[in-house]
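Chains as they are written, first to last, in the numbering used here: chain A, 1 to 242; chain B, 1 to 234; chain C, 1 to 224.
Be a bit skeptical, because a hint or two may be false.
Claimed, not checked - Over 12 Å on every C-beta distance to chain A, these chain C residues come out as not near it, computed from the model: (1) 11; (2) 30; (3) 80; (4) 163; (5) 198; (6) 213.
Claimed, not checked - Straight-line distance between alpha carbons at most 30 Å, and here's what the computed DSSO-like set of lysine-lysine pairs gives: (7) B:222 - A:208; (8) C:2 - A:114; (9) C:2 - A:53; (10) C:2 - A:20; (11) A:53 - B:6; (12) B:6 - A:20; (13) C:223 - C:2; (14) C:2 - A:208; (15) B:222 - B:41; (16) A:208 - B:6; (17) A:208 - A:53; (18) A:53 - B:71; (19) C:223 - A:114; (20) B:6 - B:222.
For the record, the hints were derived by calculation from the structure and aren't laboratory data.
Note that CB positions come from ideal geometry on N, CA and C, so glycine has one too.
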Amino acid sequence: MNLQARQISKSYGAQRVLDKLDLSIAEGEVVCLLGPNGAGKTTLIRTLSGLQKPDSGELYWAAQSESFDALPLRRSIGLILHQPFLYEHLTAFENLRFYSLLYETGLSETDLRKMLSRVGLGNARPIPVRGYSRGMKQRLTIARALLCDPQILLFDEPYTGLDQQGCGMLNQLVQEESALNKLVLMTTHELSFIRQIATRFDVLHRGKIAASFSNDGISLDALQEQYNAVVSAGKSPRKEQA
Amino acid sequence: MSSKNKLLALLSVLAFLLVLFAFIRMLFFTPVEQTMGLVQKVFYFHMSAAWVGMLAFLAAAVFGLLYLSRKDLKWDTLTAASVEVGLLFTVICIISGMIWARPIWNTWWTWDPRLTTVTIMAFTYIAFILLRRGVDNPTRRARFSAVYAVIGFISVPLTFFSARLLRTIHPVVFGGGEADMNLNAQMLTTLFISLGAFTVLYAVLLLHRARLMAQQEELNQKLAADDGSYDWGE
Amino acid sequence: MKAWLHSVRVLVWKDLLQEWRSRDILTSMLAFAVLSLFIFNYALELSPLNRAEIAPGIVWVVMVFAGTLGLNRSFTAEQDQGCFEGLIMAVPDLSAIYFAKLLTNLLMMVFLAVLVIPIYSVLYNQSLFNWAFFGVLALGAWGYSAAGTLIASMTVQTRMRDLLLPVLLFPLLLPVNMAVVKSCGVLLGSVAGQDINSWLNLLLVYDVIVTMLSIMVFEYVIKE
């Protein structure tokens with residue numbers, strides 16, 4: 001199975017954010033989406049998740065143009081966006097249990113507790129999520145995203161708020177999922193961490209995938225250089241970034 | 001001038017002439033009503049304004065549904081323009097009604113079902129305009145406007161029936177009963193001319209307002225997206 | 001269908017649990033309602049004769065105003081924490097989200113009535129214990145919640161939020177207000193026996209139409 005986006009375009013009023021974009025992700029791949037702020041990374045993730053319809057273009061899932069409104073397809077996507085999707089007055093466990101019931105996962109209480117341990121919240125106090133730090137909320141969000149055993153993982157800036165240990169934990173989880181032939185697309189600015197697990201880097205620039213290079217042990221500096229080269233190429237003189 | 005603008009200009013002139021014609025006819029060529037006297041002549045424009053108010057609301061709901069199914073923002077512009085024009089005519093209707101009621105029934109206001117419904121309609125219009133002001137995202141604003149226009153429109157007949165039911169239970173104690181008018185053929189003709197003139201006027205105002213709104217929105221978009229690529233002609 | 005009912009149940013349970021933990025909404029609604037009853041006493045200077053006639057009006061008006069506090073808050077969690085999108089990904093149909101919120105808001109109104117009515121009876125020395133009265137209040141609360149839930153789901157996404165809800169909602173509620181107050185007046189025996197079937201029919205029609213319409217348009221409100 002694979003995920004294909006063909007000729008995706010999206011504009012907000014006069015601003016064209018995605019311009020006939022093509023993207024394809026295969027089983028077992030961990031694709032890292034890079035790009036400057038405002039390039040449209042979040043828009044692309046939202047479009048791939050089905051939350052937003054593109055102005056034109058098509059999404060293909062396993063070689064069929066299936067409607068992303070179909071419930072089994074929606075439920076097979078593990079999504080992390082900028083906001084945590086958490087209920088502040090419930091505890092971590094209750095949040096997971098809610099989503100578990102909603103997704104009809106059939107997971108038992110023990111399974112949920114195991115999931116909490118997986119993200120490092122196994123010993124967290126049973127207080128409402130309101131009292132959690134940003135990092136702890138992010139760990140819980142990751143647990144929530146993996147709860148329904150998704151086939152497609154779409155993570156927008158998942159390292160946000162995580163400490164070194166947390167970033168390592170996320171990397172390990174992603175590798176575990178990838179080994180089970182899941183598709184992973186992540187956006188981030190944390191090149192040092194994503195470098196350890198990504199199979200491919202795609203750079204989103206001016207509404208298209210401007211460059212795509214595979215990760216064959218590339219060094220951090222070389223990666224940074226390549227990225228800068230793509231992003232500064234073809235910039236108009238007026239638009240110099242400070 | 002483009003052909004579309006020329007047509008609009010022509011239509012505007014036509015509307016002006018029709019309203020003028022109706023006005024003159026109403027003042028000088030229509031008999032004065034027996035029971036109510038001269039003030040009854042307010043009725044022709046009052047009724048026409050009410051008609052346009054209702055028509056504008058129906059049109060807004062229809063445009064709203066068209067936006068929801070076609071996602072073209074021009075339908076949203078028409079919805080908003082229709083509501084604004086409709087509000088104008090509804091207020092004219094209410095005020096002219098009060099002018100009419102005072103000498104006849106010695107009161108500024110009656111809880112007559114039609115008046116109640118029209119006033120609630122005006123409040124719904126105002127709420128619609130406030131809703132639009134509270135949303136900056138154009139597509140979200142369009143969706144919300146369409147939804148509110150539809151639900152607002154559906155509530156109008158429900159409100160009318162409620163108010164009417166209230167009236168059958170509570171007979172009116174002070175004045176303000178059914179308009180007790182004797183309309184002869186001449187007066188009816190004037191009324192129909194008036195209704196027609198106001199309908200054309202509505203269409204003209206709608207198109208003007210929609211055109212202005214569309215241009216304003218285009219300007220806003222260009223200002224927001226100013227990445228230096230737009231030639232401001234400096 | 002079973003999946004739909006299941007998701008509604010899970011969503012309602014989540015909302016009730018959230019509210020039970022914070023008790024923000026219910027306590028402020030209750031405080032608002034009781035204080036309003038006090039204000040009404042001094043504002044209206046009711047003789048025992050008047051009171052009987054006006055009772056349904058006062059109770060309903062208090063519920064309508066206090067209810068807006070609950071409506072305003074009903075979607076804040078979803079909006080502020082982005083949970084709308086989490087729910088959209090998971091539910092079989094978006095109408096489940098609407099219906100669950102409608103039920104939650106309805107339950108809040110019922111809770112409010114259960115507390116306000118005895119307090120009113122005590123303060124004004126007038127028994128309002130009448131099952132038909134409760135039934136009509138419930139029908140009215142349904143219509144109120146149906147319209148209110150749809151409007152709240154919109155206003156929570158605007159800049160003005162709480163300020164906008166009453167402005168948008170109240171013009172739509174006139175039929176409900178009239179039907180509830182007028183038929184309750186008859187049921188409580190304070191107004192001479194009249195046929196209230198027309199009012200009840202109107203109320204039922206309103207409830208059904210508004211609920212169905214809201215279910216149909218809800219997806220346009222919460223989804224891009």
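Hints, one by one, checked against the model:
{"no.": "1", "hint": "11", "result": "7 Å, violated"}
{"no.": "2", "hint": "30", "result": "19 Å, holds"}
{"no.": "3", "hint": "80", "result": "8 Å, violated"}
{"no.": "4", "hint": "163", "result": "23 Å, holds"}
{"no.": "5", "hint": "198", "result": "42 Å, holds"}
{"no.": "6", "hint": "213", "result": "21 Å, holds"}
{"no.": "7", "hint": "B:222 - A:208", "result": "22 Å, holds"}
{"no.": "8", "hint": "C:2 - A:114", "result": "29 Å, holds"}
{"no.": "9", "hint": "C:2 - A:53", "result": "28 Å, holds"}
{"no.": "10", "hint": "C:2 - A:20", "result": "41 Å, violated"}
{"no.": "11", "hint": "A:53 - B:6", "result": "38 Å, violated"}
{"no.": "12", "hint": "B:6 - A:20", "result": "38 Å, violated"}
{"no.": "13", "hint": "C:223 - C:2", "result": "24 Å, holds"}
{"no.": "14", "hint": "C:2 - A:208", "result": "43 Å, violated"}
{"no.": "15", "hint": "B:222 - B:41", "result": "49 Å, violated"}
{"no.": "16", "hint": "A:208 - B:6", "result": "42 Å, violated"}
{"no.": "17", "hint": "A:208 - A:53", "result": "17 Å, holds"}
{"no.": "18", "hint": "A:53 - B:71", "result": "12 Å, holds"}
{"no.": "19", "hint": "C:223 - A:114", "result": "33 Å, violated"}
{"no.": "20", "hint": "B:6 - B:222", "result": "27 Å, holds"}
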